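For chain A, the structure is supplied; the task is to place chain B on it using the hints.
2 protein chains.
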Amino acid sequence: MAVLMPKPSAAVLGRRAAIVSALKAIVPGEGVVDAANEMRVFESDGLTAYRQMPLVVVLPETVDQVAAVLRYCHAERIPVVPRGSGTSLSGGALPLEDGVLLVLSRFNRVLDIDFDNRCAVVQPGVTNLGITRAVEHRGFYYAPDPSSQIACSIGGNVAENSGGVHSLKYGLTANNVLGIEFVTIEGEVIRLGGKHLDSEGYDLLGLMTGSEGLLGVVTEVTVRILQAPETARAVLIGFPSSEQAGAAVAAIIAEGIIPGGMEMMDRPAIHAAEDFVHAGYPRDVEALLIVELDGPKAEVDHLLAAVERISHTHGCASAKVSQSDEERAAFWAGRKAAFPAVGRISPDYYCMDGTIPRKELPKVLAGMKDLSVKHGLRVANVFHAGDGNLHPLILYDANKPGELESAEEFGNDILRLCVAVGGVLTGEHGVGVEKRDLMPEMFSDDDLKHQQRVKCAFDSEHLLNPGKVFPLLHRCAELGRMHVHKGQVAFPDLPRF
Amino acid sequence: MAVLMPKPSAAVLGRRAAIVSALKAIVPGEGVVDAANEMRVFESDGLTAYRQMPLVVVLPETVDQVAAVLRYCHAERIPVVPRGSGTSLSGGALPLEDGVLLVLSRFNRVLDIDFDNRCAVVQPGVTNLGITRAVEHRGFYYAPDPSSQIACSIGGNVAENSGGVHSLKYGLTANNVLGIEFVTIEGEVIRLGGKHLDSEGYDLLGLMTGSEGLLGVVTEVTVRILQAPETARAVLIGFPSSEQAGAAVAAIIAEGIIPGGMEMMDRPAIHAAEDFVHAGYPRDVEALLIVELDGPKAEVDHLLAAVERISHTHGCASAKVSQSDEERAAFWAGRKAAFPAVGRISPDYYCMDGTIPRKELPKVLAGMKDLSVKHGLRVANVFHAGDGNLHPLILYDANKPGELESAEEFGNDILRLCVAVGGVLTGEHGVGVEKRDLMPEMFSDDDLKHQQRVKCAFDSEHLLNPGKVFPLLHRCAELGRMHVHKGQVAFPDLPRF
Numbered sequence: 001m002a003v004l005m006p007k008p009s010a011a012v013l014g015r016r017a018a019i020v021s022a023l024k025a026i027v028p029g030e031g032v033v034d035a036a037n038e039m040r041v042f043e044s045d046g047l048t049a050y051r052q053m054p055l056v057v058v059l060p061e062t063v064d065q066v067a068a069v070l071r072y073c074h075a076e077r078i079p080v081v082p083r084g085s086g087t088s089l090s091g092g093a094l095p096l097e098d099g100v101l102l103v104l105s106r107f108n109r110v111l112d113i114d115f116d117n118r119c120a121v122v123q124p125g126v127t128n129l130g131i132t133r134a135v136e137h138r139g140f141y142y143a144p145d146p147s148s149q150i151a152c153s154i155g156g157n158v159a160e161n162s163g164g165v166h167s168l169k170y171g172l173t174a175n176n177v178l179g180i181e182f183v184t185i186e187g188e189v190i191r192l193g194g195k196h197l198d199s200e201g202y203d204l205l206g207l208m209t210g211s212e213g214l215l216g217v218v219t220e221v222t223v224r225i226l227q228a229p230e231t232a233r234a235v236l237i238g239f240p241s242s243e244q245a246g247a248a249v250a251a252i253i254a255e256g257i258i259p260g261g262m263e264m265m266d267r268p269a270i271h272a273a274e275d276f277v278h279a280g281y282p283r284d285v286e287a288l289l290i291v292e293l294d295g296p297k298a299e300v301d302h303l304l305a306a307v308e309r310i311s312h313t314h315g316c317a318s319a320k321v322s323q324s325d326e327e328r329a330a331f332w333a334g335r336k337a338a339f340p341a342v343g344r345i346s347p348d349y350y351c352m353d354g355t356i357p358r359k360e361l362p363k364v365l366a367g368m369k370d371l372s373v374k375h376g377l378r379v380a381n382v383f384h385a386g387d388g389n390l391h392p393l394i395l396y397d398a399n400k401p402g403e404l405e406s407a408e409e410f411g412n413d414i415l416r417l418c419v420a421v422g423g424v425l426t427g428e429h430g431v432g433v434e435k436r437d438l439m440p441e442m443f444s445d446d447d448l449k450h451q452q453r454v455k456c457a458f459d460s461e462h463l464l465n466p467g468k469v470f471p472l473l474h475r476c477a478e479l480g481r482m483h484v485h486k487g488q489v490a491f492p493d494l495p496r497f
Numbered sequence: 001m002a003v004l005m006p007k008p009s010a011a012v013l014g015r016r017a018a019i020v021s022a023l024k025a026i027v028p029g030e031g032v033v034d035a036a037n038e039m040r041v042f043e044s045d046g047l048t049a050y051r052q053m054p055l056v057v058v059l060p061e062t063v064d065q066v067a068a069v070l071r072y073c074h075a076e077r078i079p080v081v082p083r084g085s086g087t088s089l090s091g092g093a094l095p096l097e098d099g100v101l102l103v104l105s106r107f108n109r110v111l112d113i114d115f116d117n118r119c120a121v122v123q124p125g126v127t128n129l130g131i132t133r134a135v136e137h138r139g140f141y142y143a144p145d146p147s148s149q150i151a152c153s154i155g156g157n158v159a160e161n162s163g164g165v166h167s168l169k170y171g172l173t174a175n176n177v178l179g180i181e182f183v184t185i186e187g188e189v190i191r192l193g194g195k196h197l198d199s200e201g202y203d204l205l206g207l208m209t210g211s212e213g214l215l216g217v218v219t220e221v222t223v224r225i226l227q228a229p230e231t232a233r234a235v236l237i238g239f240p241s242s243e244q245a246g247a248a249v250a251a252i253i254a255e256g257i258i259p260g261g262m263e264m265m266d267r268p269a270i271h272a273a274e275d276f277v278h279a280g281y282p283r284d285v286e287a288l289l290i291v292e293l294d295g296p297k298a299e300v301d302h303l304l305a306a307v308e309r310i311s312h313t314h315g316c317a318s319a320k321v322s323q324s325d326e327e328r329a330a331f332w333a334g335r336k337a338a339f340p341a342v343g344r345i346s347p348d349y350y351c352m353d354g355t356i357p358r359k360e361l362p363k364v365l366a367g368m369k370d371l372s373v374k375h376g377l378r379v380a381n382v383f384h385a386g387d388g389n390l391h392p393l394i395l396y397d398a399n400k401p402g403e404l405e406s407a408e409e410f411g412n413d414i415l416r417l418c419v420a421v422g423g424v425l426t427g428e429h430g431v432g433v434e435k436r437d438l439m440p441e442m443f444s445d446d447d448l449k450h451q452q453r454v455k456c457a458f459d460s461e462h463l464l465n466p467g468k469v470f471p472l473l474h475r476c477a478e479l480g481r482m483h484v485h486k487g488q489v490a491f492p493d494l495p496r497f
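Chain order of the listed sequences is A and B. For the first sequence, position 420 (counting from the first letter as 1) is numbered 420 according to the working numbering, and the numbering increases by one without interruption. For the second sequence, position 7 (counting from the first letter as 1) is numbered 7 according to the working numbering, and the numbering increases by one without interruption.
Bound-form chain A, shown alone (with noise of 0.2 Å):
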């Protein structure tokens, strides 16, 4: 695809064999990857259209040999690309042919769970359902659910600020972590928060959760493990229009009622997943909502009902409530497995991560089916509804010449869209490499050099994951910040931008 990375440095391309050595000397046996055939496997992440090989795959263990790989980097000027489970939907862990790819993946233990407390500590490369698998003998569970989330690393997790369909109810990962410990590019360990309610100083814990790779690298999460609710029940709901489903969101939001999870699905969707999974979705809607309500069974069974009252207001075909916990897992598993079962009617689909306040859904939707005849391209739309999180899967070709283009400039234009209605272009899938581009579409140069000052207080050199997030990264010294007088400030190696 046509992104600009930065030029790779020749004087790191040239010492490559000094640099596997000593690499090799810091993280011995089989912690350093520099054959080609067995770095193959991380040439890119979940945004497979991309496609680089690292200088050199380092697989540390301990947080010292992190902080001595860092450090090492940092000394060398060489680039660091983190990368956890590789499951990134905006290719932030796209390798840097002149950069170290550091892979966080044997930190895999528990370390720690306190239930009294509720809460659990864990090493960055845990799956995300690893950790509910570690804490559900007790009845518990880690609430934000990616539906990558058999495979998704926690360390990532915090990186992107991944959400799920439970995240309506639940929060974000910001909204779940407590604690981390993180490596400076200068190799310094720092522990942010803890166990215990907000805490004094800046919230660099909220500033790293999301920073995507570029401020540090995450080696320990304490997390907020939650007990699983009494009772749990899903409602599929059907309706001839998504314009009246979006109201049915929109009424049920508004009576107070805050479900575990709403989700949306147009009817390309629908039987995409039908198709694939048979969940029991009805085939003659144009949308489907998906409602989940949990809690104590006697507001669940109030809920249920205050939901389906409202559907049936605005005009719902068909309402079907989960009567099993398996029937339940059913609903979801068509959602969970929609991007798949999309995969199976198109040979290629390019996935969208857009957030609008809910209430300009019907502007956006008809706007989409403009896009649609305008580009050529089908698209298959799966909302996050109840948090006005879009996620619109563009159906082409790659074998087809320009249609691949054709689906980049749709999914732009679907951002833009988003941005145009007062929204934003991502809800948690992060920018990466995909919408690096587009952040001047949503800031202006003054937001764009202030997010960059502070990635200036982290890693001036630029060292961290380059290429990603910010379409140009000015000189630190150029931003303002220094002020100088009788003298002059120079670097000895000019930076990579």
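Derived by calculation from the structure, the hints in this document are not laboratory data. These numbers come from a predicted model, not from an experiment. Be a bit skeptical, because a hint or two may be false.
Which copy is meant is left open, because identical chains are indistinguishable; a pair holds if it fits in one copy or across any two.
To be verified - Straight-line C-alpha distance at most 27 Å; calculated DSS-like pairs for lysine-lysine:
no.: 1; residue 1: K449; residue 2: K7
no.: 2; residue 1: K24; residue 2: K320
no.: 3; residue 1: K169; residue 2: K374
no.: 4; residue 1: K169; residue 2: K297
Relative to chain A, chain B alone:
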């Protein structure tokens, strides 16, 4: 009190007349207050033991005026202390002798109420309760409720990340602010967040929330508004010991119940409050829990029964459920008046604000009893029990030689105890000047330097609220982020630290 503030700049003090004239040109009319008798009211905030007259007071009315004042102060190297309603309990708005006090009280308009998207856009001088007053005709309210909510401003709430008795269920200010506009010390106007879910880029909104006026001046706030719950009932539960009450709190949370509020008071606080407002509190117990359940009536009835059952299991002496909204308000009136109530039984009191992991409550209560003996001073305890946030009120008499110093030492010992059990120095009152010199008890030198690198990214001259939060501010160039080569960095004026 004995807090060391930065040495005032003789250059600034000597230019006072010129500075006042320049400010009057920017903010005409009655927007500049420079007469000593008129400035007296701004001499301290809620931490009344600390007093300092400012250089001059400015009350701008427009964002352009705020930007112009900040640009002027930046160019002239004049410190600026932002102030909302001045209810800070940590001295966050304490003036500086050589500093402009920038008061936002004229920013008092509600700009937009958007019920569909459940948010309101307000100016920072609007009071916390003023937001609820503006939306309650449609059944909505703003959730975080500091005891000072009738007076404190939403801008100040953002600066301190304020909480209240309902923060257990509904979160602190950080969880309820969707967007802000703020002005940097250089006069740039930056907008963060808005009416949508998550956004791309670093979480500068989270960073600004709780930054205590050291990073910028907030000029607009977008907050989430919630629909008032269908039903809310409170129950007063008396216990023969604080340990039993603490165990009941843990058991309630462990059962998956998140009450709207769960507060605890000890015997001295109960008696002081009951004598003051006649809330109907039992006098014959050692600890009192006030637990509020809210939601649909069916849920509230179910949860009330569960809370009563758990309380009896843990040996409660009495339980009284509110039978009307008036009675519920009375139950809370005692708690919300606890600080002034304690003021009636002691010439002076000193309110601390530590936070601990919930399960350490018995250990900390026992430790506080020992400290009370050691320092020869009584203490009354009011807790946000559900989230581990303690507010010990140390009773002393400022007219007795040495008692103020003993109270300060007692307070410091309590905070050290909080940190020792894995807690932190503040839950919601901020660091300000009060807890500034205790920061090294909590943070390593690396931690503090990393915080200050962020400060430098926003305000490299340390002009915004200097002397607050950090015991020592390093010069930005000392923090190791500048790589100077064949040249020299020098500052036109030496920074203040």
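Against the structure, the hints:
no., hint, verdict
1, K449 - K7, "within (22 Å within a copy, 32 Å between copies)"
2, K24 - K320, "neither (58 Å within a copy, 68 Å between copies)"
3, K169 - K374, "neither (37 Å within a copy, 47 Å between copies)"
4, K169 - K297, "both (17 Å within a copy, 20 Å between copies)"
Violated hints, in rising order: 2 and 3; the structure is consistent with all others.
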